[in-house]
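Chemist: Same order as they appear, the protein sequences are chains A and B.
For the first sequence, this note's numbering gives the first residue as 3, with consecutive numbering after it.
For the second sequence, this note's numbering gives the first residue as 4, with consecutive numbering after it.
If you're looking for bench data, these hints aren't it; they were derived computationally from the structure.
One should not assume that every hint holds.
Said to hold, decoys possible - Covered, in the sense of this in silico footprint (three residues per stretch, anywhere, with C-beta under 8 Å from a C-beta of chain A), are these stretches of chain B:
no., stretch
1, 138-152
2, 214-224
Stated by the list, open to error - Below, in silico cross-link-like pairs of lysine to aspartate or glutamate (EDC-like), each with a Cα-Cα straight-line distance of 20 Å or less:
no., chain 1, residue 1, chain 2, residue 2
3, A, Lys285, A, Glu296
4, A, Lys169, A, Asp148
5, A, Lys138, B, Glu210
6, A, Lys144, B, Asp164
7, A, Lys130, A, Asp161
8, A, Lys138, A, Asp284
9, A, Lys130, B, Glu221
10, A, Lys169, A, Asp182
11, A, Lys160, B, Glu232
12, A, Lys237, A, Asp284
13, A, Lys144, A, Glu179
14, A, Lys138, A, Asp222
15, A, Lys185, A, Asp161
16, A, Lys130, A, Asp162
17, A, Lys144, B, Glu221
18, A, Lys130, B, Asp164
19, A, Lys181, A, Asp164
20, A, Lys144, A, Glu127
Virtual Cβ for every residue (Gly too), placed ideally from N, Cα, C.
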Amino acid sequence: MTAETPPEPEDLPMTADAPSPTLDETVGDHHAPVPEAHEPHLEPKVVFDVQDLNVFYGAFKAVRDVNLNIHQHEITAFIGPSGCGKSTVLRCFDRMNDLIESARVEGKVLYHGVDLYDARVDPVEVRKRIGMVFQKPNPFPKSIYDNIAFGPRLAGMKDDLDDRVEKALRQAALWDEVKDRLKKSAMGLSGGQQQRLCIARAIAVEPEVVLMDEPCSALDPIATARIEDLMQEIKSEYTILIVTHNMQQAARVSDRTAFFTTEVNPEGDHRTGVLVEYDSTDKMFSAPSDERTENYVTGRFG
Amino acid sequence: MPPASSVAERAPDPDVPVDASISLASTGGRRGDSIFRLVALAAGLLVLVVLAGIAFATTRQAWPAFSAEGIGFLTSSDWDPNNGKFGALAFIWGTLLSSAIALVIGVPISIGIALYTNEMAPRRLRRPVTYVIDLLAAIPSVVYGLWGVLVLAPNILPVYDSINSAVGDVPGLSWLFGGKASGRSFMTAGLILAIMIIPIVTSLSREVIATVPRSQREAAYGMGATRWEMIRSAVLPWSRGGIVGATMLGLGRAMGETIAVALVIGSNAQITTHLFSPGDSMAGVIANQWGESSGTYSAALIGLGVVLFAVTILVNVIARRVVRHFDERLKVA
Ligand SMILES: Nc1ncnc2c1ncn2[C@@H]1O[C@H](COP(=O)(O)OP(=O)(O)OP(=O)(O)O)[C@@H](O)[C@H]1O
Ligand SMILES: [Mg+2]
Numbered sequence: 003m004t005a006e007t008p009p010e011p012e013d014l015p016m017t018a019d020a021p022s023p024t025l026d027e028t029v030g031d032h033h034a035p036v037p038e039a040h041e042p043h044l045e046p047k048v049v050f051d052v053q054d055l056n057v058f059y060g061a062f063k064a065v066r067d068v069n070l071n072i073h074q075h076e077i078t079a080f081i082g083p084s085g086c087g088k089s090t091v092l093r094c095f096d097r098m099n100d101l102i103e104s105a106r107v108e109g110k111v112l113y114h115g116v117d118l119y120d121a122r123v124d125p126v127e128v129r130k131r132i133g134m135v136f137q138k139p140n141p142f143p144k145s146i147y148d149n150i151a152f153g154p155r156l157a158g159m160k161d162d163l164d165d166r167v168e169k170a171l172r173q174a175a176l177w178d179e180v181k182d183r184l185k186k187s188a189m190g191l192s193g194g195q196q197q198r199l200c201i202a203r204a205i206a207v208e209p210e211v212v213l214m215d216e217p218c219s220a221l222d223p224i225a226t227a228r229i230e231d232l233m234q235e236i237k238s239e240y241t242i243l244i245v246t247h248n249m250q251q252a253a254r255v256s257d258r259t260a261f262f263t264t265e266v267n268p269e270g271d272h273r274t275g276v277l278v279e280y281d282s283t284d285k286m287f288s289a290p291s292d293e294r295t296e297n298y299v300t301g302r303f304g
Numbered sequence: 004m005p006p007a008s009s010v011a012e013r014a015p016d017p018d019v020p021v022d023a024s025i026s027l028a029s030t031g032g033r034r035g036d037s038i039f040r041l042v043a044l045a046a047g048l049l050v051l052v053v054l055a056g057i058a059f060a061t062t063r064q065a066w067p068a069f070s071a072e073g074i075g076f077l078t079s080s081d082w083d084p085n086n087g088k089f090g091a092l093a094f095i096w097g098t099l100l101s102s103a104i105a106l107v108i109g110v111p112i113s114i115g116i117a118l119y120t121n122e123m124a125p126r127r128l129r130r131p132v133t134y135v136i137d138l139l140a141a142i143p144s145v146v147y148g149l150w151g152v153l154v155l156a157p158n159i160l161p162v163y164d165s166i167n168s169a170v171g172d173v174p175g176l177s178w179l180f181g182g183k184a185s186g187r188s189f190m191t192a193g194l195i196l197a198i199m200i201i202p203i204v205t206s207l208s209r210e211v212i213a214t215v216p217r218s219q220r221e222a223a224y225g226m227g228a229t230r231w232e233m234i235r236s237a238v239l240p241w242s243r244g245g246i247v248g249a250t251m252l253g254l255g256r257a258m259g260e261t262i263a264v265a266l267v268i269g270s271n272a273q274i275t276t277h278l279f280s281p282g283d284s285m286a287g288v289i290a291n292q293w294g295e296s297s298g299t300y301s302a303a304l305i306g307l308g309v310v311l312f313a314v315t316i317l318v319n320v321i322a323r324r325v326v327r328h329f330d331e332r333l334k335v336a
């Protein structure tokens, strides 16, 4: 998990004492272009620049040669058949792969120019700025309030905690349902409510990026629709990456779509995930340039 | 279980029409269910019957002492067999105090070891550490007792003395660290007991910690928690009920321990909060005095056993309550 080249001097490690790109710096200057983000001539700011990313689990090469840019205040969808490495790539954006002992990452994931895999970068700091929502809702067995307050407390944001909790719950469209039972356990919520709670928990620290790995796969269509609405509402403040198996969902919510698939790798010993095509969602679903993409989005390929 | 085997042995009959064999198959399955339920119920009842039988038989044996002393058996600390006085309070006190010391020392260490082996130790260290801890459980308790009396007691006395002289005059602490220190004492017994309960508490804690779902750990790490913050916010809350249960089992073990405590507690029946003073315990007294007892004296010793039994069951019931309370509050709402 080390960078291959020594970091350039201007690359700042993201430790508490060395300042790195802050939310304020990145949010402020791009509020205006947001509504027109689809316009190709108004390329929004790049948040992540992934360069030659290869991920291994032990000797198994799970994905290879991924290059893509993630743009600010956009929703980027990762689609592709099961096992093609969508989750694996997503987890590189907040160094969650560090938790898997066998996982190894090559290449660069530049976050505002800072390589997340630089030896000086503290993964804990990375995860404070980049939130994650998982496939299965995973609230803590604590009260609703304490779940939302978890991140702010970790980050030392002790002031106005009540307001922060309320704001996050409102953003996640959950406030009205839970405002009378904030002190009750979060485990008593329904699956869809729990997932919105997890989203609220992730955005309570106002991260710049929210990563979502199939956030709706355990939910019914109504709960799914609420979460999709919620994504649209918060995208003016956040950059969202979502893995989904639901093609309509990708088409509905995302600005850009990346299609991954697996193919026999050059060494020929197993199948490895590759990024086939990455473009605006409109183009990906109406006029993809790669035949494999077309087959997949039209359902001709499993 | 004859009915079960007859169900299993029934081979499908090729002449039976398909419909009939289908209906036979499903009744067989249901019958298996009800047989299992009966066997489980019988086993459960058997345990209850055995427990009740033991309680009844020992209480009957102890009756002469109970009826002679009345409630004084529990409330008096006057234990003078030669004059027919059997007040067990000092022994009850000794059992509770030494066990409490064992928990206060042993449980944090056990949780620490469990967290270390499950969460922090490099993979190749986990097995050896686990193995060594489990080995502690294989040491016979008399060996612990002998080690305590021959090695620990004489060597730890100076430590007791210096603690007593250092903090014995401090207002909030003098009630614990006063009086004349003795190598064989509540504290020494508590220390030995702590070592003895560490294996069981550690291994049970390790098991519950291992059941903390990966999703919980990821939730905490995903929010930017450090390892310690993850343990505090995901691992410990999730396993709190199980750890309380493990602690209570350790407490049961500590209260019932006989020979090791008999050797190191000092055999001096007194009620004091001074940790470094000698005391005596219920199980210890039974072991030490059984041989020389007869008549009401024997009955009184058996009575101690009954009280110990009752206290242990009480602790278990409370433990169950506590565990359920935590589980309900945390997991279901
Ligand atoms: N912890 C792991 N250890 C070993 N191999 C893994 C691990 N996680 C994933 N893999 C392998 O890496 C490849 C990519 O997995 P990944 O989970 O990223 O796929 P995915 O595209 O998210 O699939 P799905 O749509 O089913 O979630 C798969 O072949 C998978 O078996
Ligand atoms: Mg996945």
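Chemist: With reference to the structure, classify each hint as holding or not holding.
Modeler: Now the hints, each set against the structure:
1. 138-152: violated (count 0)
2. 214-224: holds (count 8)
3. Lys285(A) x Glu296(A): The hint holds at about 11 Å.
4. Lys169(A) x Asp148(A): 14 Å, holds
5. Lys138(A) x Glu210(B): 23 Å, violated
6. Lys144(A) x Asp164(B): Cα-Cα ~46 Å, so violated.
7. Lys130(A) x Asp161(A): Given that 20 Å is the threshold and the Cα spacing comes to 17 Å, the pair holds.
8. Lys138(A) x Asp284(A): Roughly 29 Å separates the two Cα atoms, so the pair is violated.
9. Lys130(A) x Glu221(B): Given pair lysine 130(A), glutamate 221(B) holds - Cα atoms ~13 Å apart, limit 20 Å.
10. Lys169(A) x Asp182(A): Between lysine 169(A) and aspartate 182(A) the Cα gap is close to 15 Å, so the pair holds against 20 Å.
11. Lys160(A) x Glu232(B): Between lysine 160(A) and glutamate 232(B) the Cα gap is close to 16 Å, so the pair holds against 20 Å.
12. Lys237(A) x Asp284(A): Within the cut-off at roughly 18 Å; holds.
13. Lys144(A) x Glu179(A): Roughly 17 Å separates the two Cα atoms, so the pair holds.
14. Lys138(A) x Asp222(A): Judged against 20 Å, a Cα distance of about 13 Å means the pair holds.
15. Lys185(A) x Asp161(A): 19 Å, holds
16. Lys130(A) x Asp162(A): 19 Å, holds
17. Lys144(A) x Glu221(B): At roughly 16 Å apart (the allowed maximum being 20 Å), glutamate 221(B) and lysine 144(A) satisfy the hint.
18. Lys130(A) x Asp164(B): 51 Å, violated
19. Lys181(A) x Asp164(A): Judged against 20 Å, a Cα distance of about 11 Å means the pair holds.
20. Lys144(A) x Glu127(A): Roughly 24 Å between the alpha carbons, so the hint for lysine 144(A) and glutamate 127(A) is violated.
Hint violations for this structure: numbers 1, 5, 6, 8, 18 and 20, all remaining hints satisfied.
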